[in-house]
Amino acid sequence: MLYALIPLLPLLAFIVLGLAGHVLKERAHLIAVPAVGLSFLLSVLAFSEVAGGRVLDIPLYTWGASGDLTIRLGLYVDQLTAAMLLLVTIVSGLVHVYTIGYMHGEPGYARFFANIALFTFSMLMLVMSDNFLQLFVFWEAVGLCSYLLIGHWYERHTARAAATKAFVVNRVGDFGFLLGILLVFAVFGTLQYQPVFSEAASQAGATIDLLGTFGGGWEVSAMTLICLLLFVGAVGKSAQVPLHVWLPDAMEGPTPISALIHAATMVTAGVFMVARLAPLYNVSPTAMAVVAVVGGVTMFVGATIALTQNDIKRVVAYSTVSQLGYMMMACGLGGYVAGIYHLLTHGAFKALLFLGCGSVILAVHHEQDMRRMGGLKDKMPVTYWTFIIGSLALAGFPLTAGFFSKDALLLSAWNAGALGQTLAIAGILTAGLTAFYSFRLVFVTFWGESRIDPHHAGHVREQPLVVTAPLVVLAVLSIATGYLGIPEFLQQAFPGSEGAGHHGAVATGIMLAATLAGVVGIAAAYVMYVKSPEYPDRLMNRWQALYRGSLNKWYVDEAYDKAFVNPTFELADRMWKKVDVAIIDNAVNGVARGFAWWGWMARLIQTGETQNYALSMTVGAVIILTAYLLF
Amino acid sequence: MMIPLADLVTILPEIIVVSVACLLFVLDPITPSNRKDLLAWMSVAALAVCFIVTAGSMGDRVSAFSDLVVVDGYASFWKLLLYVVSGMTILLSIGYLKEERIDLAEFYGFVLLSLTGMMIMVSGADLLVIYLGIELMSISLYVLAGFKRFEARSIESSAKYFILGAFSSGLLLYGISLIFGAAGSTRLVEIAAAVDARGLDDSLILIALTLVIVGFGFKVAAVPFHMWTPDVYQGAPTSVTAFMAVASKAASFGAFLRVMLEGFGGMKPNWSGLILGVCILTLILGNLVAIVQTNVKRMLAYSSIAHAGYALIGLVVAGWVGTEAGVSAKGVSSMMLYLAVYSFMTLGAFSMVAILRRGGEEGEDLDDFTGLAKRHKGAAFLMLLFMVSLAGIPPTAGFIGKFYLFMAAVNAGLTWLAVVGLIFAAVSAFYYLRIVMVMYMREPSPEQEGETRLALSPTATVVLALAAAGVVIFGIYPWPLVSLTASASLP
Amino acid sequence: MATFVFLYFAAVIVTAASLVVVLRNPIYSALSLLVMFFHVAGLYVTLHAEFLAAIQIIVYAGAILVLYLFVVMLLNVKREERYNQQGTVALFLGVVLLTEAVLLAVSRGFTVATPDPGPEGAKAVGNTESIGEVLYSTYLFPFEIASLILLVAMIGAVILSKKGIMESK
Amino acid sequence: MSVPVEYYMVLSGLVFIIGLVGVLVRKNLIIILLSIELMLNATNINFVAFSSHFGNLAGQVFVFFALTVAAAEVAVGLAIIIALYRHHASINVDDFRLLKW
Amino acid sequence: MSSGGFPWLTLVVILPLLGVAAIFLVEEALAKWVALGVSSLVFLVSLPLWVLFDESTPAMQFVETHQWIASPSINYAVGVDGISLPLVLLTTLLTPLCVLVSWTSIQTRAREFMISLLVMETATLGVFVSLDFVLFYVFWETMLIPMYLLIGIWGGPNRVYAAIKFFLYTLAGSILLLVAIIVLYFYAGQDSFDIRTLSNAEYPPWLQAWLFWAFFAAFAVKVPMFPFHTWLPDAHVEAPTAGSVILASVLLKFGAYGFLRFSLPMLPDATQRFTSVVLFLSVVAIIYGAYMAFAQADLKKLIAYSSVSHMGFVTLGIFVLNAQGIEGAILQMVNHGITTGALFLCVGIVYERTHSREIVDNSGLAASMPVYATFLVIFALSSVGLPGMNSFVGEFFVLVGAFMWNKAVATLAALGVILAAAYILWMLQRVVYGTPAQHMASKLYDMNWCEIGMLAPLAFLVFWIGLYPKPLLDVMHASVDHLVQKQAKVMVVETGPSSFSPMPITSDEVSPPPRLERAGVRVKSMEPETR
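Protein chains in written order, with numbering that gives the first Met the number 0: chain A, 0 to 630; chain B, 0 to 490; chain C, 0 to 168; chain D, 0 to 100; chain E, 0 to 530.
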């Protein structure tokens, strides 16, 4: 039960900050940081406990029951969870510290800490879930935190819009997720992981009639359907194509958030979920293939967009999209270990990159356009060097953690048949692109002439220790995680899955190809942005269509606006006016008006002429007599 | 020749009422003008005595005067109701007549004589007696309607009522003459015997029946014989309108039912469908036209037509072919209950119109009720009660009345009739609520604030309180009334 | 013979009745009504209702009609349109009503109750004395009601038409 | 050898309808009242004929009362007409229609 | 059954009326204090119901029966079971809050206002606890009048129209209910209007079909189901805050409660037969309501249309006729009461400041009213159905139930969840986070303790039910199981594939089909090898 404290401590911090935030104000971190720190220590404890192959299962309470559905909440810690726990608590802890400096003096200081504490709690609960419902609950909860934190600077219109967009797009994914959960219950009669996992194989043949309602017959494998529906959720949360659009916009949030939520932890929940539900996915090759392809496409598309972005955070954001694609692809190809391994190393170096960006942004007074930066490397040495390490890891440069994980990933992909090999080649290509854009970022931001607004140019200096210390720690982790034997540790959680072992020539070949691609990418960036800065413009003019497409994110947002957002609003407005008011309500009022109209008509009978009245009586008598005569 | 004492005892209430009425005519000239209220109180006291007498002797069927008069539970029920509403009318009139500057003690005399006519109607066992009762009632009402004879509208209402009343009684009388031809007598029992003997579809009786239905249809204001109602109700002094709408209608229904069931009970198939048609027409027309009225008195007149339609449901049930005796009796008792309940709420509503004054006139326009709730909370609340009850919304007596009627209808297999009735109950809610709306939700204009006032005499307060009590008590605890009507039911 | 007498009376009655409705001048109408009353009285005599015949003349012709004439003279109304707009419809309806009654009678058969052989019937019909007896025994109650009706009519007429009863207040 | 009662009924029916039509068509209030008298007389003819036919007195008694009522109605009716005349200077039915709709 | 004979329910029902009497006696300024005291007392008195309630039995508890009318036998009979208990508590909880929210906003005729409110409480409680159908109807209709007055007197500019529309629409709906009650009485033929007796009687299928639609007319208008919903936006918009709260939280539950209490147990055959129609309308309501909410610029109207959408879930859950669906529906009723009630309270609070309900006038409140913004966000997110909050629980169980019934229905209903997120968040984006409306800036001030005290208990419930719904669910189990079993029995009796039958049932099956089968899942491995 001790481990229940891992999520509960941040929750406690959240409650204290939520209720007493206005009192604590600038001292809010005094509550939040120790809480996360303690969580981290407990996570280490938990990690060491499961390292030996044990699995912790801590039942909490019965959430509710209805009919034959009973839901018990509990914590489940295996190796996968333990690794995630460490990732979350470490990054969260560092971000907490970083925030002290980053958010210093902001009016929403306490609110910010409260929200990240809540996020930490939710994320921890998410990874420790032992059933689908709990997973979903906290899946949404982290989305909520993301929403709140993206909208932290709600005074900015873009922030508000981005927050809403993030939530709604995620909801689209969660729609599938929810249906998937319902289907799990329909098939297995329970939502607890363990019984579902153990029964998954035996349900492989179960089918479901999709057109049953309409009398048709379209039998679909239930397992495939479950996996695909759940994957829709993952697509939303992990910003896979086509639901990736929210993530770059989410950069409107304060940078620590981008690091914590939109790089290291929350967005990886989708990957985590696929890995966690590996026993289900393993049953359905179709679903696996879909996962892999979507991952691959995301990987490539994200990278192509990142090439041309000018907003420093957006570049990193699209690189996140791309990297998430890598992970998803790996999972889809059965390389869960490699995928999660990359998830962990990516957590470290991407958090590092974001925090580095934050440091830069702080230095240049919240300027995010890298065309107005440049020449920062001397003024901000710590930031610069840690950023370089992060970029190298991202580019998969040898000896960094990113190198090992990406290598493992590509290798496991190569081993997964024809589809895997195709995707692996794409992965190698993408690695080149990755290296290019990450170093484009480095060169443009830190090298060359300073293009900073002269007003602020004089104030640019290195950030205080609370900011730089996390950078250094993350830089260390960005390298160290490559040497800690993480894959072997994770292997215990995926007994059936193939390890990312080295297989002689193939392995070496892939390693070399990936490294080569990285080096070429870095070199290209060097040539284009340091040696001959006019070169990009030429390319731009030459490949105008491609450039524009990339710059405008392949117009996905615009397409969505056209296809979904605008029609929804228009349809709503039109339906309200044309259907609800004009037809339905009018019909209702029409009935009333009809009665009144008949009233007006009938009233005219009452002429006031006495003899008309007598006539009416006579008519009555005539009618009665007629009736007698006829019947 | 000797009149048996028993006969006199049987008609003791009638004797009391008539005596007091004559006394009023005599005492009026010699009473100082400031003591004339005493005469009204005397009338009320007489009614109270009658109430005790009738209530005390209520029970078995007693015939008197060579079986021309019958006093049974049915008759007693109506008489009790009539005493109450007449008493309330008189109490209401005490203040009202002064406001209208027509306070003659003769007024009470006419009310009492009219009441006598009604009492005779409901306990007549011979068409002759019933006819004379109708005439006594009607002639008194002609006079009462024109009581405000310096006002054109009052006298016009009186004239219309008279012409049409005389016309309808001509029709009724001709019908009676044909019945006499068919049965050789005008006694209800002998008519029933003749009907039994002649069977259904006898031409002579059918023609007679047509005219009888027209005659009574006129009295109860059933469509298409209703057309006098709005004009007469609107023009007559309000307390008279209340009396007509309540007492005359109740008595007419009482007599109508007795004639149809005791006289023509053997040929139900010949008339129940007819009454059904009349009933539906009445429901529809009364409610529809009431929607568009802006004069409250006239609206209440149409509403009283509509309520006649509801009451007719009871008659339809009682006459519906194929119903057992028990079901038929339920129809009668539900109609009795309905009219009793109707009396309270309608009297209450008209009383409110009577006491609301604008300048020197009656505040009978819808606008005069504007913002009443601001100035006279209690009055507005009572009006709210009456309106809600008229609309048939629980927990008021109006709901109980409708509930029993619809119970009876469904019991007789006339579910659809209940549905029609309820649909128009919903329609009626519209115009009743409009009064509530203007009272509670509209702001009065400044000049209205100055002009309108409540002429609330103590006696009118008593009337309102009684009516409200009836509406509320019979709504919450209707059992006494229900059991009374059940035991007094006709067949 | 009796039939011819009846037909005479009937013809005059119908003619006079029609004239009442058709004539323009109310006085002529009243006079033709008078003619009709007399003939109705005659008819009563043929039916051995001598008492009623007498009353018919005394009350109807003597009192009621005089009252009418009196009012007609008093009000002295000017000449005007006789019929209103619904005249045609009304006439049509009247005809329809009659036709329907006849049709009904024809189609369903038509019987009047058979003579009552009871003790009342045994008495000589039309005997004024027996009418008096019945009125004060069997029909005592209605008789009293009739008195009330007359009372009401009397006082009512005064109330309605006398000037200055209420205006004085 | 008496006249069949049906003859009387036809006669009374005719008179009744004439009276009824008279009420419906004439504008003059007094003539309307006269027409009502026609209707009542038609009734009386019926009663007397039936009474004679049955050989009982009930019909005649009824006529007696009907007559009384007719007299009473005439008294009240004429009073109303006079009152009306005071307001409208007319006894034309068309002229009083303050109350309508 | 452990009421110990103490008339708890009568006390709960009658206390507000005593309060009305008391208000008549005190002076106008004290009226609200009396109302607050009485309604709080009612809440306290209703708490023992929760504590003493026996969860193990589907029978009515705290039953009191007294003869009201002897012929036909109509009783004053009250009692609660697991279906009505939550609603009773919801009502008693919300009424004091309604008094509080009217504390300063109702300036004119405060006495009448409080009287209306308390009469309303009696009527609503009466509806939920009545065990006699006539008594039920009496309360059901009585409620109209105070509500009419609440909207019509203290409402917005177009209040009269809204009040009359509300009154007539709901009255017209319940016309057929009365007839149906009477018809039931005669067909049951036991001289009883007792709901339990009538529920146990059997009615011929053709009659059930008629009665079903008669009930439906009454209940669907109250719910309100599409397309009978148009009174709701008008009524909500024009009503004073307290009126909106009562309307949304309690009144809308009447219809759904009616379905549960009458349609399902009394007319099982017809319910089976027509369930697809109702489900269709429910799904339309969910999506349509959400769409309508998009188009609204008026906060109250937006919430009103969202109510249409949310109540769609309730009817959906009820008519999937399984335990999850029905329990989810009841939960959703309670949750909708809490959440929408709270949202209306929120709107009322800001209306008191800006005197506008337009979103453009009330934008960017987070800056000047942070506490308010927090509460608004909580309730809005609850309305979205965010897990961990109350609404999610209900919606989830409804969806589970619906999914068991028919996958397409559940899918479409789940679509409503996306839309809900979109319109609610869009609203939040403008109201809470938007650019502050300059012309209103001077009028804005954050909530006072009274207002916080109003919303805090609701916020607490939002999370309590969201995180630990078990106690609430446990209360329902016995009653709902009873209800479901009755449906199951009918399902078995029905032989042969009927076009209305929700799923093909082979006639030789004796027990209800196994769960998987019901969900339309065929498990190959389970099938016998030879057929």
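No wet-lab data here; the hints were simulated from the structure.
Hints should not be assumed to be uniformly reliable.
[Claimed, not checked] If you anchor each label on the Cβ, the simulated ranges turn out as follows:
| no. | chain 1 | residue 1 | chain 2 | residue 2 | range |
| --- | --- | --- | --- | --- | --- |
| 1 | E | Pro204 | A | Glu218 | 32 to 40 angstroms |
| 2 | D | Arg85 | C | Thr14 | 51 to 59 angstroms |
| 3 | B | Asp195 | C | Thr14 | 39 to 47 angstroms |
| 4 | C | Phe91 | B | Leu4 | 52 to 60 angstroms |
| 5 | A | Glu25 | E | Trp49 | 37 to 45 angstroms |
| 6 | E | Pro156 | C | Val88 | 27 to 35 angstroms |
| 7 | B | Ile2 | A | Ala626 | 44 to 52 angstroms |
| 8 | C | Phe91 | E | Phe185 | 41 to 49 angstroms |
| 9 | B | Ala196 | C | Thr98 | 38 to 46 angstroms |
A virtual CB, placed ideally from N, CA and C, is assigned to each residue, including glycine.
Evaluated hints:
no., hint, verdict
1, E:Pro204 - A:Glu218: 32 to 40 angstroms, "holds, 34 angstroms"
2, D:Arg85 - C:Thr14: 51 to 59 angstroms, "violated, 36 angstroms"
3, B:Asp195 - C:Thr14: 39 to 47 angstroms, "holds, 41 angstroms"
4, C:Phe91 - B:Leu4: 52 to 60 angstroms, "holds, 57 angstroms"
5, A:Glu25 - E:Trp49: 37 to 45 angstroms, "holds, 44 angstroms"
6, E:Pro156 - C:Val88: 27 to 35 angstroms, "violated, 51 angstroms"
7, B:Ile2 - A:Ala626: 44 to 52 angstroms, "holds, 46 angstroms"
8, C:Phe91 - E:Phe185: 41 to 49 angstroms, "holds, 47 angstroms"
9, B:Ala196 - C:Thr98: 38 to 46 angstroms, "violated, 28 angstroms"
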